[in-house]
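Colleague: The listed protein sequences correspond, in order, to chains A and B.
The opening position of the first sequence corresponds to residue 1 in the numbering used here, with each subsequent residue numbered one higher.
The opening position of the second sequence corresponds to residue 1 in the numbering used here, with each subsequent residue numbered one higher.
Simulated from the structure, these hints should not be mistaken for laboratory data.
Cβ coordinates follow ideal geometry from the N, Cα and C atoms, glycine included.
Some hints here could point you the wrong way.
Rough simulated footprint, nothing fancy, chain B against chain A, three-plus residues with beta-carbon under 8 Å [what the hints assert, rightly or not]:
| hint | region |
| --- | --- |
| 1 | 117-123 |
| 2 | 291-302 |
Far from chain B, some chain A residues (derived; all Cβ distances over 12 Å) [claimed, not checked]:
| hint | residue |
| --- | --- |
| 3 | 17 |
| 4 | 50 |
| 5 | 52 |
| 6 | 75 |
| 7 | 112 |
| 8 | 152 |
| 9 | 174 |
| 10 | 233 |
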Amino acid sequence: MKNLKLLALLGCLALFVITPLFIHNSYIIHLLIMVGIYILLAQGLNLILGYMGLLSLGQQAYLTIGAYISALLALRLGMSFWMTLPLAILGTMLAGLFVGYVTLRLRGPYFVIVTIGFAEIVRLLVMNIDSLGGPPGLRNIPAPVISIGSFYYSFDNNKIAYYYLVGLLVILCLFITYRLTHSREGRAFLAMRENEGLAQAVGINVSRYSMLGFLVSVAFAGVAGATFAHYVGHISPEIGAFHWTVTMLVMVVVGGQGTLIGPVIGAFIFTFLPEWLRYVDEFRLPIYGLILMLAVFFFPNGLSPMLENLGTRLTKETKKPEEAITVSHHS
Amino acid sequence: MIELTLQYIVDGLMIGMTYALVGMGLTMIFGMMNILNMAHGELYMLGAVFAYYLTAKAGINYFPSMVISVALCFLLGVVLDRVLMKRVRNAPHTMSGALTIGLAIFITNTVFIIMGPIPQSIPVPFELKATFIGPIMLTRSRLFASAITILTIMFSNWLIRKTGLGRAIRATIQDRVSAQLVGIKTERIFAFTFAYGSALAALAGVMLGSIFVVTPFMGESMILKAWTVVIVGGLGNIPGAIFAGMLVGVTESLAAGLWNSSWANMVAFVLVVIVLLIRPQGLFGKA
């Protein structure tokens, strides 16, 4: 089983590297870049929803903050993407710190309500403050440029470059999620999700760990926002709309919450599916609503446990005790 | 300036009373079933949409339309409770939240496909003539809405405080198992409470829909205010919700009038943050 997982991982990595060699359709590459951005967003939501049991319905706020900070710094101060990206992450995390400080000390429905409220405020701010672009938003956001000595490389109109950039960010994000959830912190998250009172009783500082998870989660959204802004070249207050979070939620719930691979599966399905069903685009949101409802009742664990079962069956191995423990954590 | 401020306060109270209606239902549902109901705003929207179709499309008189659309939402509430909510009572909030947000998206966008993007208005049988009380201007439709809302709040209070049904509701909110032990049919109480809360939201929808306009997205903008009312009033606290509704309405109206209407939507959020920082149990909750 371990070997199979390693093999699958290496296979995915190889596939990621060589895909642009045989896919020359720039539309497909564009969709793959969007898959990557959605993986960042969905994994961020998964970290708090799946691993910590906190529902955030305002992830679009951090997407917006990341996008606007990065775009404004690049446009107004002429800073390079490699500078604006970390600053965007920092700004996003400060916003997360505020929301977390207000809500994470408390139990009850406060977290979800404040996350929505904060997202609404962020949307109003970028909509109504003219120096932030107002309703038309920001245009001509410069593409990242690599320039070391005489070496100069621009990402402008270069989808392959973005493909690898987003891919690297996704790998980093998955690595961080893996490390975070397979460590002392990860065990604390699961303990909090399963029984918060008990977790507190055994000495887990619940508000500190919740804050840590939440900050990493919003940082992923900030990275997605900054990358998206430079990739597309223009952003508007539409990026703060609620349907972004709905899409993330569907990806996480259907893909499998509380698993590393679930949001990845979800991001692939719900980036490609709407493209194929484009002629019924007006039905996309009602269908997403229906999918969410059905998923909560009929497959609350999503698709990834099914995939894991398939993997187990393929190797025809009996579960070792350590495997059994991982599985029960994820259920 | 003082006259204007008075006018804003009165306007805010009128709107706030409808917030109180929506918040009352939501706080009852949360307090009793521990459901993170994000679809409550959609019942409010459906109340207005039903009233619009009954009056403007089917040509039915305004007053019976009002009763029919509220009754329809009551029935819908029973169905929703039986089919969906029953399964997520006392489930983790992530589950009831995901379910009801799915329901909300489904209802809103289905109505959007049917009704289209153009805001509609409910034809009201009132003259547009304004009545003046001192310097304060009141329109007939607003006066009517306020009267209905006050009566409904009083009726709900009587229902909850003085009747056997109300006693059963309060008992079930306090302790479900003990309520069951003394012979209360809690399943029926759950269904009734969910439906009654839905009907209150629908009534508020008809009222505000008659004063302003009807759109498929009016529920989305209401849900945040409704939860604000619930949190500020204290979770599950019905009198708290009534007061908090008025408070949100008045603050919003003052902010919009004296400051800037596009920022007025921030008021609800600022109130929640202040309450959570200072008195997380709500203004009237017990510590």
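Colleague: Could you run down the list of hints and mark each one as holding or not?
Modeller: These are the hints, each one checked on the structure:
1. Here's how the region 117-123 of chain A fares: 4 of its residues keep a CB closer than 8 Å to some CB of chain B, so the rule of at least three is met and the hint holds.
2. With 7 residues having a beta carbon nearer than 8 Å to a beta carbon of chain B, the region 291-302 of chain A meets the requirement of three or more and the stated coverage holds.
3. At roughly 36 Å from the closest C-beta of chain B, the C-beta of residue 17(A) stays outside 12 Å, upholding its exclusion from the interface.
4. With a cut of 12 Å on Cβ distances, residue 50(A) falls inside the contact zone with chain B, its closest approach being about 9 Å.
5. Residue-level check failed: residue 52(A) sits 9 Å from the nearest beta carbon of chain B, not beyond 12 Å.
6. For residue 75(A), the shortest C-beta to C-beta distance to chain B comes to about 24 Å, beyond the 12 Å cut-off, and the non-interface label holds.
7. At roughly 6 Å from the closest C-beta of chain B, the C-beta of residue 112(A) falls inside 12 Å, breaking its exclusion from the interface.
8. With a least beta-carbon separation of about 44 Å from chain B, residue 152(A) lies farther than 12 Å from that chain, consistent with its non-interface assignment.
9. The beta carbon of residue 174(A) is kept farther than 12 Å from every beta carbon of chain B, the shortest such distance being approximately 22 Å.
10. Every Cβ of chain B is farther than 12 Å from the Cβ of residue 233(A); the closest lies at roughly 27 Å, confirming the non-interface assignment.
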